[in-house]
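**Student:** With chain B's structure known, arrange chain A on it following the hints.
The listed protein sequences derive, respectively, from chains B and A.
Numbering of the first sequence is given in the numbering used here, commencing with residue 1 and proceeding in unit increments.
Numbering of the second sequence is given in the numbering used here, commencing with residue 1 and proceeding in unit increments.
Please note that the accuracy of each hint is not assured.
[Unchecked claim] List of simulated lysine-lysine pairs, BS3-like, C-alpha gap at most 30 Å:
id : chain 1 : residue 1 : chain 2 : residue 2
1  : A       : 115       : A       : 269
2  : A       : 294       : A       : 307
3  : A       : 269       : A       : 294
4  : A       : 115       : A       : 100
5  : B       : 294       : B       : 307
6  : B       : 307       : B       : 269
7  : B       : 115       : A       : 307
8  : B       : 115       : A       : 115
9  : B       : 307       : A       : 115
[Stated by the list, open to error] Part of the chain B face toward chain A, derived, beta carbon under 10 Å:
id : residue
10 : 1
11 : 119
12 : 133
13 : 159
14 : 182
15 : 319
16 : 321
No lab work stands behind these hints: they were computed from the structure.
For each residue, glycine too, the CB sits at the ideal point set by N, CA and C.
Number of protein chains: 2
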Amino acid sequence: MANPVPMAEIWRGAFLESVHHGHAVICDESGQIVQAWGDPHAVVLPRSSSKMLQALPLVESGAADAFGLGQEQLALACASHQGAAIHTDRVRAWLDHIGKSDDDFRCGAQEPSDKDAREALIRGFEQPCQYHNNCSGKHSGFLTLTRHLGAGPEYVDPSHPVQAACLEAFEDVTGATSPGFGIDGCSAPNHATTLHGMARAMAFFAAAEEGQGARASAAARLRNAMVAYPELVAGEGRACTELMRAMNGRVALKTGAEAFFIAIIPERKLGVALKITDGTTRGAECAIAAILVKLGLLEADHPATLKRMNTPIRNWNGIETGALRPASALL
Amino acid sequence: MANPVPMAEIWRGAFLESVHHGHAVICDESGQIVQAWGDPHAVVLPRSSSKMLQALPLVESGAADAFGLGQEQLALACASHQGAAIHTDRVRAWLDHIGKSDDDFRCGAQEPSDKDAREALIRGFEQPCQYHNNCSGKHSGFLTLTRHLGAGPEYVDPSHPVQAACLEAFEDVTGATSPGFGIDGCSAPNHATTLHGMARAMAFFAAAEEGQGARASAAARLRNAMVAYPELVAGEGRACTELMRAMNGRVALKTGAEAFFIAIIPERKLGVALKITDGTTRGAECAIAAILVKLGLLEADHPATLKRMNTPIRNWNGIETGALRPASALL
Numbered sequence: 001m002a003n004p005v006p007m008a009e010i011w012r013g014a015f016l017e018s019v020h021h022g023h024a025v026i027c028d029e030s031g032q033i034v035q036a037w038g039d040p041h042a043v044v045l046p047r048s049s050s051k052m053l054q055a056l057p058l059v060e061s062g063a064a065d066a067f068g069l070g071q072e073q074l075a076l077a078c079a080s081h082q083g084a085a086i087h088t089d090r091v092r093a094w095l096d097h098i099g100k101s102d103d104d105f106r107c108g109a110q111e112p113s114d115k116d117a118r119e120a121l122i123r124g125f126e127q128p129c130q131y132h133n134n135c136s137g138k139h140s141g142f143l144t145l146t147r148h149l150g151a152g153p154e155y156v157d158p159s160h161p162v163q164a165a166c167l168e169a170f171e172d173v174t175g176a177t178s179p180g181f182g183i184d185g186c187s188a189p190n191h192a193t194t195l196h197g198m199a200r201a202m203a204f205f206a207a208a209e210e211g212q213g214a215r216a217s218a219a220a221r222l223r224n225a226m227v228a229y230p231e232l233v234a235g236e237g238r239a240c241t242e243l244m245r246a247m248n249g250r251v252a253l254k255t256g257a258e259a260f261f262i263a264i265i266p267e268r269k270l271g272v273a274l275k276i277t278d279g280t281t282r283g284a285e286c287a288i289a290a291i292l293v294k295l296g297l298l299e300a301d302h303p304a305t306l307k308r309m310n311t312p313i314r315n316w317n318g319i320e321t322g323a324l325r326p327a328s329a330l331l
Numbered sequence: 001m002a003n004p005v006p007m008a009e010i011w012r013g014a015f016l017e018s019v020h021h022g023h024a025v026i027c028d029e030s031g032q033i034v035q036a037w038g039d040p041h042a043v044v045l046p047r048s049s050s051k052m053l054q055a056l057p058l059v060e061s062g063a064a065d066a067f068g069l070g071q072e073q074l075a076l077a078c079a080s081h082q083g084a085a086i087h088t089d090r091v092r093a094w095l096d097h098i099g100k101s102d103d104d105f106r107c108g109a110q111e112p113s114d115k116d117a118r119e120a121l122i123r124g125f126e127q128p129c130q131y132h133n134n135c136s137g138k139h140s141g142f143l144t145l146t147r148h149l150g151a152g153p154e155y156v157d158p159s160h161p162v163q164a165a166c167l168e169a170f171e172d173v174t175g176a177t178s179p180g181f182g183i184d185g186c187s188a189p190n191h192a193t194t195l196h197g198m199a200r201a202m203a204f205f206a207a208a209e210e211g212q213g214a215r216a217s218a219a220a221r222l223r224n225a226m227v228a229y230p231e232l233v234a235g236e237g238r239a240c241t242e243l244m245r246a247m248n249g250r251v252a253l254k255t256g257a258e259a260f261f262i263a264i265i266p267e268r269k270l271g272v273a274l275k276i277t278d279g280t281t282r283g284a285e286c287a288i289a290a291i292l293v294k295l296g297l298l299e300a301d302h303p304a305t306l307k308r309m310n311t312p313i314r315n316w317n318g319i320e321t322g323a324l325r326p327a328s329a330l331l
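Chain B extracted, bound-state conformation:
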C-alpha cells in the first residue's frame, strides 16, 4: 500500500505553508493502469463523482426515454449544481413533468451556493427547499426511475429497486464487488470502490458509444450530456463547468465531496480518478487541472486553469500573498 503523494502546495511568500497529498489513477478502456500516483488500490467513497454511474439505470431502463428526458435533464442527473435559477427552474419543471413535488424528494433542503439565489432567499426571509439541494438533479432521476418501475416512495433506501439497480451498474463498470457503502450528504447510498475501480469506470464512460448495448449507450449519452451542458453540471464560476468549457467538450469532469475528482477522456478512451486524502477541494481542483495539463488536454495558461493551479492567493486588499501550485509529481 503506497502512501499518498504531494499533489498541491500552498505557498505564502517564501514559505510552503500547507500541502495536499493524494492518490490518482489513469486507466485505459481495457482496465489497465496507464499511470498512478500513490496507491491505486486505496478504497475510496467517490461521492458525487459517481453520479454518472448512479444515472446509468435511469437511461438503460428506458425511463429517461419514456419520460422524454433530454440532454439538459441527463446533465442535471449527473450534477452537483449550485442551486442557481438555471438549475432549480429545470429541476422544478422536471418534477412537474413526472407528476412529483418537492415533498417527494429525499435529499434534504440545502442553502444554494449560488450567490444570487442565496441572497434572494435571505432578502425574502425564505428557507431553502429540497430542489435547491446540489443533488436534486440526481434525485429527479431517481424519482423518474421510481415512477417508471412503479416502485415505492423511499427511493434512497439501499434495498429499493432504484438503489439495487445503481449498485449493479456500479459494480459492473468499476469491475469489482463494492466493499460497502456510506450514506451520502443527500441520503442516498454511496458505494465504495478502489481508485483503480473508479478510473476503470471512467474509462468505460470514455470508450462508450451509442449502439454498443444498453449500458454503453447510456454511458455515452450521459457523458455527452455533461460536456454539452457544463453549466448544468456545476454552475458559473465552478471548476467542473469552467474546465469543461476550457477543453471545448473534449473531456467530461465531475467533482465529489471530500476532494474527489474524475475525468472522462473519450478521444483517448482514458479515465482518471483522484482523491486528496485530507478532503480539501482546492487540492483536488489543482491536481485534476495539473493532470489534464500534463495530458495535453488543458492549456496551462487558460484563465480557467489559472484559477486552480499556479493560482495567485490574494488577501482582503487584493495583495498577492502566495500561490496554489501543483506538486512536482504532477508536473
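**Tutor:** Positioned in the frame of chain B, the structure of chain A alone reads:
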C-alpha cells in the same frame, strides 16, 4: 525531520474517508519540549495564532494604558472575530476613541462570518467595511500604537516602527531569529518560526505574571483578557470561544488560518502549538481538543468538545453519516 502524524480522521459509515496530518509541540516555561508529535522543528507561519505576540508592543510600550484600553480592547487585539455587532461596535468605539476612522485601517474589507451581521448587510444591499475584517481588533491595536509613537500611517509596512516592535517581541518570546515573513490576509507581516518556537512563546505567556517586567506583564494582561472575554476573541459558536468557556478560563486558545492552533495553560506553565499540514480548520480544532482532553483540562463529553472531536457528521436530512475523530496518536 519527522513526518507529520495522523491527527484527525473523517469516517463515513465503515470507511475512513479523509485524514488530517500535523505537527504539535507542548513546551514548558524553560523552553523544553514536554511532548511532540511529528516534527517540532517544522517551520511554520502561525498566522492569527501569533496575534498575542503582535499585541505585546501595544501594552508594553504604555500605549494601551495611555489610551485607557481595558480587557475588552486587549481581547479584541488578540482576536479573529466574526464581525458580529459585539465585535464591530467595540472596534468602532475604539477607533473613535483614538481619533481614527475606518479609512485609517489597512486590513481590507471582509464579509462578516457572523450570520446575523452578514445577512443584515445583504438585506441592506450594503458592502462590508474594514471594521468587519476579522483582524480589525489587531489593527485597532496597531493604530493605537502608531498614534502613541507618532509614527506614519502605513503601519503594516514591515519597516514601520509598529512592525519592527512586533518582530523584536516575536523573536524574543519564540527564542529564535525568524527566518522571514509572509504577508497575512490582513496585509500585516506574519513572521515564521518553528513549531517549537511557537510553543515556547505560548509557555512564556502561560508563565507570565504582572510585575515581572514590561514584557511579562503585557503577556499576562493579554492572556487574562482573552480568557475574561472569550466571546470577543472569536464569537458565538466558534471553537476558541466555546472551548475557552468549557475550561472556565483555565486555558487561553487561539486559532490561525491554514489550521494553526495554540493553547496557553497558566496553571501548568505550558504552551501548545499545532499545525495541520493540509491547512484544514476542522483538523486543527479536533487535534487541539484531543490534546486538551489528554492533558485533563477539557472534558471529553462537554458539548463544546463534542462539536470538535468524536463529532457526528450529519447530512441535509439530519441523518448521522459518519464522525470526526482524533487519531490514535492523540488519545
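**Student:** Run every hint past the structure and note whether it holds.
**Tutor:** For each hint, the structure was consulted:
For the hint pairing residue 115 of chain A with residue 269 of chain A, the CA-to-CA distance comes to about 37 Å; that exceeds 30 Å, so the pair is violated. Between residue 294 of chain A and residue 307 of chain A, the direct Cα distance comes to roughly 17 Å. Compliance with the 30 Å bound is thereby established for this hinted pair. Our distance criterion of 30 Å between C-alpha atoms is met by residue 269 of chain A and residue 294 of chain A, whose separation comes to about 16 Å. Only pairs whose Cα atoms come within 30 Å are accepted, and residue 115 of chain A paired with residue 100 of chain A is accepted, the gap being roughly 27 Å.
A hinted pair counts as satisfied when its Cα atoms are at most 30 Å apart, and residue 294 of chain B with residue 307 of chain B qualifies at roughly 17 Å. Of the pairs offered as hints, the one joining residue 307 of chain B and residue 269 of chain B holds, with about 27 Å between alpha carbons and a cut-off of 30 Å not exceeded. Annotation: proposed proximity of residue 115 of chain B to residue 307 of chain A holds, straight-line Cα distance about 28 Å (limit 30 Å). Between the alpha carbons of residue 115 of chain B and residue 115 of chain A the distance comes to roughly 15 Å, so the proposed pair stays at or under 30 Å and holds.
Taken as a hint, the residue 307 of chain B and residue 115 of chain A pair is honoured in the structure, with Cα atoms around 28 Å apart against an allowance of 30 Å. With 10 Å as the threshold, the beta carbon of residue 1 of chain B stays out of range of chain A, its nearest partner Cβ sitting at about 13 Å, so the hint is violated. With a least beta-carbon distance of about 5 Å to chain A, the hint placing residue 119 of chain B at the interface is held under the 10 Å criterion. A distance limit of 10 Å between C-beta atoms decides the matter here; for residue 133 of chain B the minimum to chain A is near 6 Å, and the interface restraint holds.
Proximity of residue 159 of chain B to chain A is violated relative to the hint, the smallest CB-CB distance being about 16 Å (cut-off 10 Å). Against a cut-off of 10 Å between C-beta atoms, the interface hint on residue 182 of chain B holds, since the closest Cβ of chain A lies about 4 Å away. Annotation: residue 319 of chain B was flagged as interfacial toward chain A, and the flag holds, the nearest CB pair being 6 Å apart, inside 10 Å. Interface restraint check: residue 321 of chain B against chain A, minimum CB-CB distance 4 Å, threshold 10 Å, status holds.
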